[in-house]
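Undergrad: So the sequence lines, in the order shown, correspond to chains A and B.
Take the first sequence: its letters are residues 0 to 243, numbered as in numbering that gives the first Met the number 0.
Take the second sequence: its letters are residues 0 to 157, numbered as in numbering that gives the first Met the number 0.
Derived by calculation from the structure, the hints in this document are not laboratory data.
Treat the hints with caution; some may be incorrect.
[To be verified] Label pairs and their computed distance ranges (CB to CB):
| no. | chain 1 | residue 1 | chain 2 | residue 2 | range |
| --- | --- | --- | --- | --- | --- |
| 1 | A | Gln107 | B | Leu15 | 41 to 47 Å |
| 2 | A | Phe51 | B | Gln146 | 20 to 26 Å |
| 3 | B | Arg138 | A | Asp48 | 31 to 37 Å |
| 4 | B | Ala61 | A | Ala138 | 42 to 48 Å |
The structure presented is a predicted model; accordingly, all values stated were derived computationally and were not measured.
All C-beta atoms, glycine included, are put in the ideal place defined by N, C-alpha and C.
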Amino acid sequence: MGALALYIEDEGVPTVLISLVREHTAAMHPPRALWVPFMLGRPLGVPGDAAFQRRVVVAALNLFGRDRGPVLEDHAEEAPPVVSAEPAEGMVCGVDFSSADKDVPLSQLVLEEVSQLRSWYEIALKRRGRTALGVAGAAPEELVQFMVAWAEGKPVLSYRAGMPLANAMRLACEELKAFYAEANAGQPGERSAHSVQEWFWHQTAAGRLILALHTALLNSGDKELRSFANESMIPRVARHGGAE
Amino acid sequence: MVRLVDLPAWEREHMLEKIPALPKFGLNPWVAGGPLSKRRIAIVTSAGLHTRGDRPFGLGVARNDYRVIPGSIAAADLVMSQVSVNFDRTGFQQDLNVVFPIDRLRELAAEGIIGSVADHHYSFMGAGSPVTRMEASAREVGRLLKQDNVDAVLLTPV
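For reference, chain B alone in the conformation it holds in the complex:
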């Protein structure tokens, strides 16, 4: 339940006070594509996920980079080092798909509802502002996705 009206006042105020600080991007992109059954889909998450052997996300400028997650990742090999402490982690601990729905995409691909699942997925560490700090790495990921022939990205937050 993240309806602001349902939150305690201190949390609601915290959420609302972020809005005026959000940047104006001056962007209005819209890229059309073919039917879902032909699309190659990747996950990009801001959950601070990475493979078990990869370097954890950090503080300061280390918040801005990204991690690559292989499409073949096994559930036991995906971990989280998100900086924020203000969200539930027990769901991810129980089932990674509640944040990173890789098994759902694999099922949809096997059934022909989507074309395929990408070979590489990407993770950012979404906490902290300004969000524009991620522009360079996000654009780099965009180019990598394009080179991987990805034509649909599912973005998941925490």
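So that you can see chain A by itself, here it is in the shape it has in the complex:
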């Protein structure tokens, strides 16, 4: 982000950036930056809180009033914690692994789960009026079949012709995760981003599928797939567990 600020301002256009990792911004010396104490992925702090977001935007834009730089200022206001954060155990998915038949194929478990979550997804879609799905270009059920085949060591043609296989694989994973996150948001109650991650990776069949796919791709003969599996497939928080 600091690099973009430097290049754009060097072309003659004033910039101010919102910084999420102060140490990185401080090392790069962009002209104007407002560091905010928010989680990665939320530079404006609080989704759905226009007043809070506005205070962040105005604080950043006010740095244009400075007459010299570089400026790196700290935003004082913290994002409020999620009020009724539930433990991941309180979330609902379609399959109860505690009683699931160990012989049921993973593909069936995931498809049942997707089917069960579909109504929650539709509720969230109606409430929000938008969805982050649609990037991969195939329905979750088709993506699951594709991912299961690769996870089981039976490669199939990509669901998306013309796109590099590794990117199609990446988008399939992201699309499935987005479906689950949006379906989860349709369920009653409010929960933290961290608890949604915990739920997906540790309690859903889809999380198990991506972990199995990860293992398979690490051993793939395709260099791009191996690189994807190594670098951009499993978040650090899922590998390590740990804090929010």
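Knowing the structure of chain A, use the given hints to seat chain B on it.
TA: Here is chain B on its own, set in the frame of chain A:
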């Protein structure tokens, strides 16, 4: 909370080990401008956003280009194909303004606090190093912004 002291050790170390690898740019640009109430403002984000019909961001050299986002974009038409998996996406799924505060800029323009909102905004895919890989496309965007009479850019990461 991205105070490094608040992060688990494995995440803190990951963040800190990036710092020595950051390039020295040899740049110290500073462009002055008029009052906010006269400025034309664009958003440039590294979140990997694009319109629903546009091509998703990719791996390899496909990380380096950018996407154009019309100022008239509707919330339902903006999606994300960022490569990194190490940030929260549920906030964006709930409200795009938490990453791309276009509605906040529109409100500020309507109230006269800023001059106007640009017709075109831009998105990069910020993950991956070195960050200097984006120089050519970032400079191109800078020139496009200038041609659009933009005189203030708000940059947002994820």
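Undergrad: Look at each hint and say if it fits the structure.
TA: Going through the hints against the structure:
1. Taken as a hint, the range 41 to 47 Å holds for the pair A:Gln107 and B:Leu15, whose Cβ atoms sit roughly 44 Å apart.
2. In this structure the supplied range 20 to 26 Å is violated for A:Phe51 paired with B:Gln146, their Cβ-Cβ distance being about 34 Å.
3. A beta carbon spacing of about 35 Å between B:Arg138 and A:Asp48 agrees with the range 31 to 37 Å that was offered as a hint.
4. Between B:Ala61 and A:Ala138 the C-beta distance comes to about 24 Å, which lies outside the given range of 42 to 48 Å.
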